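Under the working numbering, the sequence shown has 169 at position 169, and the numbering climbs by one with no breaks.
Check each hint, because a few of them may be wrong.
The calculated label-pair distances, taken between Cβ atoms and stated as ranges, are [as the list claims (entries may be wrong)]:
(1) 60 <-> 281: 27 to 33 Å
(2) 275 <-> 217: 19 to 25 Å
(3) 314 <-> 216: 53 to 59 Å
(4) 64 <-> 273: 23 to 29 Å
Think about it this way: if two alpha-carbon atoms lie no more than 25 Å apart in a straight line, the pair counts; the simulated DSS-like pairs of lysine-lysine are [to be verified]:
(5) 123 <-> 210
(6) 256 <-> 156
(7) 156 <-> 47
These are calculated hints, taken from the structure and not from any lab test.
Since we're looking at a predicted model, the values are computed, not measured.
Note that CB positions come from ideal geometry on N, CA and C, so glycine has one too.
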Amino acid sequence: MQASELSVLIPAKNIEEGILRVITFAAEQLKGIDAEIIIVDMGSSDKTVLQAVTQLKGLGLHGFVIQNGNSDVPSALNTAVQKACGKYLTFFFARRLYEGLLHPYLETAKRTNADFVFGCSSKEEARVAELRNVSSAVHHPDGAFFAESILRHRTKIDIAAIMVRRDLLLSNQISFDENYQFGYAEEFLFDCLLNAGTAVQAATVLKRSKSNEIELPKNAPVGFSVFRRVEAVLRIISTVEYANSQNGELLRLLKKDALPRAVMDSVDVVMHEGMSQQRINAYLRSLDYDRLLTIDRHTDPNLKRRVILWKTMPWLYRPK
C-alpha cells in the first residue's frame with residue numbers, strides 16, 4: 001500500500017449520527033494533504049460502521065473502517081497504528097476536536113524533521129515557540145525538556161492535538177497499554193517525548209471545534225480502576241530510570257509530584273463517587289500506594305497540603 005503523508009486515526013463506538021460530522025470535519029482539515037483516514041469501531045451496536053463507510057465513499061476520501069470487536073480506546077488505537085501507512089500519525093477523538101492544526105503541524109514536522117509535534121495553549125506560548133523555531137541561535141529542546149515542562153505545569157500536551165512519526169512508534173515499540181483505561185494517554189505521550197530524536201512545539205494556538213464535537217454519555221462510576229493511572233506513572237518512572245537515569249530532576253518531579261498527585265487525584269475521584277475514607281485507605285495500604293505519598297520541599301504547595309492532610313487527618317480531607 002502506498003504511503004501517505006499523514007494518517008488520521010479515529011476510534012468510534014455507537015456514534016452513528018455524530019460520525020458523519022467527525023468525518024466531514026476531518027475532510028475539511030485535510031484539504032491539500034496527502035492523507036488517509038482510519039476509523040476503528042469498538043463494537044458498535046448501531047449503524048456507526050455503515051455510516052462511516054458511506055461517508056468516506058461519499059466524500060471521496062482515502063481511508064477505511066476497521067471492526068475491532070468489543071474493545072477499548074487503547075486497543076483501537078494500537079490496531080489503527082499497525083494498519084496505518086502515513087509517515088505521520090494524528091488522533092481524532094469525537095468528544096475533543098481541534099481545528100487548524102494539521103497544516104502547520106505537518107509543515108513544522110517537514111521543516112524540522114521532527115519525530116513529535118504539538119501546539120501551544122496561549123498566544124504568548126506561541127510567540128516563544130516561534131522564536132525557538134526560527135532562530136538558528138536557539139537550539140531545539142529535546143523531548144525530556146518538554147516532559148519536565150509538563151510536570152512543572154508549564155506545558156500542556158493533549159493527545160488529541162499531536163502529530164507523531166509512525167516510525168518512532170514502531171522502532172521503539174511504543175504502544176498504548178491495553179490493560180488500563182486510565183493513564184494510557186499520559187504514558188504514551190511520555191514514551192514519545194523520551195524517545196523522540198526531535199520534539200518540536202509548533203507556533204500554533206490550540207482551538208477546539210466544539211460545534212463538530214460529539215457529546216457522549218457520562219461514564220459510569222469507575223471505582224478503584226481509576227488508580228490505574230498510578231501504575232502508568234510508575235511505568236513512566238521505570239522508563240526514565242532506564243533511558244534517562246542521568247536526569248535527576250525529571251525523576252524527582254515524577255516521584256515527588258506526579259506520583260503523589262496521581263494517587264490523590266484518584267482518591268478525589270472515588271470520594272466523589274461516594275466511597276468512604278476508610279475503604280480508600282484500606283485499598284491504598286493493600287497495594288502500598290500509601291507509601292507513594294512522598295513529597296519534598298519543592299513539591300507544589302497545594303499538592304503538599306492535600307498529601308499532608310490525607311496522611312494526618314483523612315477524615316477532614318475534602319476532594320477538590
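Here's how the hints hold up against the structure:
1. Our hint of 27 to 33 Å for residue 60 and residue 281 is violated, since their Cβ atoms are close to 58 Å apart.
2. A beta carbon spacing of about 22 Å between residue 275 and residue 217 agrees with the range 19 to 25 Å that was offered as a hint.
3. For residue 314 and residue 216, the hinted distance range of 53 to 59 Å is not satisfied, since their beta carbons lie about 34 Å from each other.
4. Judged by the Cβ atoms, the range 23 to 29 Å given for residue 64 and residue 273 is violated: they are separated by roughly 39 Å.
5. Between residue 123 and residue 210 the alpha-carbon distance is near 20 Å, which keeps this suggested pair within the 25 Å criterion.
6. With a C-alpha separation of about 19 Å, the suggested pairing of residue 256 with residue 156 holds against the 25 Å cut-off.
7. With a C-alpha separation of about 35 Å, the suggested pair residue 156 and residue 47 falls outside the 25 Å cut-off, and the hint is violated.
In terms of the numbered hints stated before, the structure departs from hints 1, 3, 4, 7, listed from lowest to highest.
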